[in-house]
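Undergrad: Chains as they are written, first to last, in the working numbering: chain A, 1 to 247; chain B, 1 to 243.
No wet-lab data here; the hints were simulated from the structure.
Each residue gets a CB set at the ideal place from its N, CA and C atoms; glycine is no exception.
Be a bit skeptical, because a hint or two may be false.
To be verified - What follows is a set of in silico ranges between Cβ atoms, one per label pair, in the way DEER data are often shown:
(1) 241(B) x 245(A): 32 to 38 angstroms
(2) 176(A) x 13(B): 41 to 47 angstroms
(3) 32(A) x 78(B): 39 to 45 angstroms
As the list claims (entries may be wrong) - Residues on chain A that point at chain B, a partial pick, calculated with CB under 7 angstroms:
(4) 48
(5) 63
(6) 79
(7) 92
(8) 105
(9) 108
(10) 127
Unchecked claim - Covered stretches of chain B, going by a simulated chain A footprint (3 or more residues, C-beta under 8 angstroms):
(11) 70-79
(12) 85-92
Listed below, chain by chain, are the residues.
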Amino acid sequence: MPPESPTTSRPGLAVEVEDASKVIEGVTVLDRVSFTALPGRITAFLGPNGAGKSTTLRAILGIDHLTSGRAAIGGRPFREHPQPVRVAGALLSPDAVHPGRTARGHLSVVAASNGLPRASVAAAIDLVGLADIATVPFGQMSLGMRQRLGLATALIGDPAVVILDEPHNGLDAAAIRWLRAVLRALADAGRTVLVSSHLMGEVEQVADDVVLIDEGRVLAAAPLRELVGSDAPGALEDHYLDLVGSR
Amino acid sequence: MRSAWTAELVKVLTVRGFRAGAVLAGLALPLTSLLVVSSGGLGDADTLTSGAATGSMSSLVAYAAWAAVVAGSEYTQRTIVVSLATVPRRPVLYGAKVAAAATIAAAGAAAGAVVSLLVVAAVTPSGHRLGDPPALLGVVLASGAAAVVGAAIGVLTRSSTGSIAVVIAALLLPRAAAGLLGGLQPWIVGASPGTVVTQFVQGAQLAADHAYPGGAALAAVTMLLVALAVATLGGLAFARRDG
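Chain A on its own, in the form it takes in the complex (with noise of 0.2 angstroms):
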């Protein structure tokens, strides 16, 4: 496990959401969604599947299309800052991967599309402790060997908002810890931090707000804390389910 996580201080920037829809063959999707995000703390992104976590996320990157609403990153979208990269780094999905590229391959291509300097690969990959495999094909390494490179490519920017999608897939209880540490170091180095996840006892830990989302609607947004009124081990959990319901 790599001993060293980004923590240089950067000024983080907000994420905004403000009234975002999306319709997608008459289906909504996402309804009006609102929240924000803010830098030096945690944002748990949380909802079941097909809550419409996913398609927000994308949506802040401008990935998908809103069909109205906004969202925006410092104030302005995704697509308008100069160096995205350094603004934002991503973790969708730990296949978007080509599967015959190396990791090295595959890092190169992040950082020369945004200048970066070739010493960010070398630093990327030692960050997340792929070293030894940097150069066996993506379509050989294992799901955690995947994640870890997912990371790699939100973190290789050193960007001032990390927004991860279900990072905790596939990795061990080891990489799992260091993963928290991580996402810490980034928060308190005043960076915002966006990750949905649907390990409750996970969240509880690492993060400092809370944003649950069901059927396309935000059904909560504020602080930990003042959202379950608990300190105690599955309040999260216990609040989720009473808000979402346990099917």
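Please build the complex by placing chain B on the supplied structure of chain A, with the hints as guidance.
TA: The following block gives chain B in isolation, referenced to the frame of chain A:
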């Protein structure tokens, strides 16, 4: 834009299959020309230059299919998510993608044309004139245009295999269906990439109903404009759709 273009080049360089495809497309010209010339396909009136361009159609199809596969793989492999998350300005990403395909195809075609000329010169009995080697520029232009169309179709179809069928049809249909085009035949067939190459290297020998009425240069301009139009269609679709 330059960074995005560089990244698209790196995408090709970092996948063995993409690299091999580009090299094979470049080799298609000299290999096909060698096959034709060594089997006695060079007529008395043909020059070494026209012999070197004999296999140009195979190279054009190969580059178009290659570009379509590379562009389409962004969707089949879902790498478009990372591409858009790192270059979120869609016109920049798309423009870089198309420009990189054209760059690699044009550079590969230029190298392939030189190799083809050397190979044909080496295996052809003496007596044939050299012709006009700079006319092989037509191969370079047509390969670039074919790659632009291929990349655009790859983005439009979002499929590697599906896009291959479309680009092959787009390149071969004008000649195959020439008889059905009536008075439009010289305008359409004459501006198709394969015929543009032929007009550059052996214009005088081309049948009148295949020769573009405005000459080789205007045929090339028309071909490039058609490629630009297809690229624009792809760009519009790319801008409107979700990633």
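Undergrad: Now tell me if each hint is right for this structure.
TA: Hints versus structure:
no.	hint	result
1	241(B) x 245(A): 32 to 38 angstroms	holds, 34 angstroms
2	176(A) x 13(B): 41 to 47 angstroms	violated, 35 angstroms
3	32(A) x 78(B): 39 to 45 angstroms	violated, 29 angstroms
4	48	violated, 22 angstroms
5	63	holds, 4 angstroms
6	79	holds, 4 angstroms
7	92	holds, 5 angstroms
8	105	holds, 3 angstroms
9	108	holds, 5 angstroms
10	127	violated, 17 angstroms
11	70-79	holds (count 4)
12	85-92	holds (count 6)
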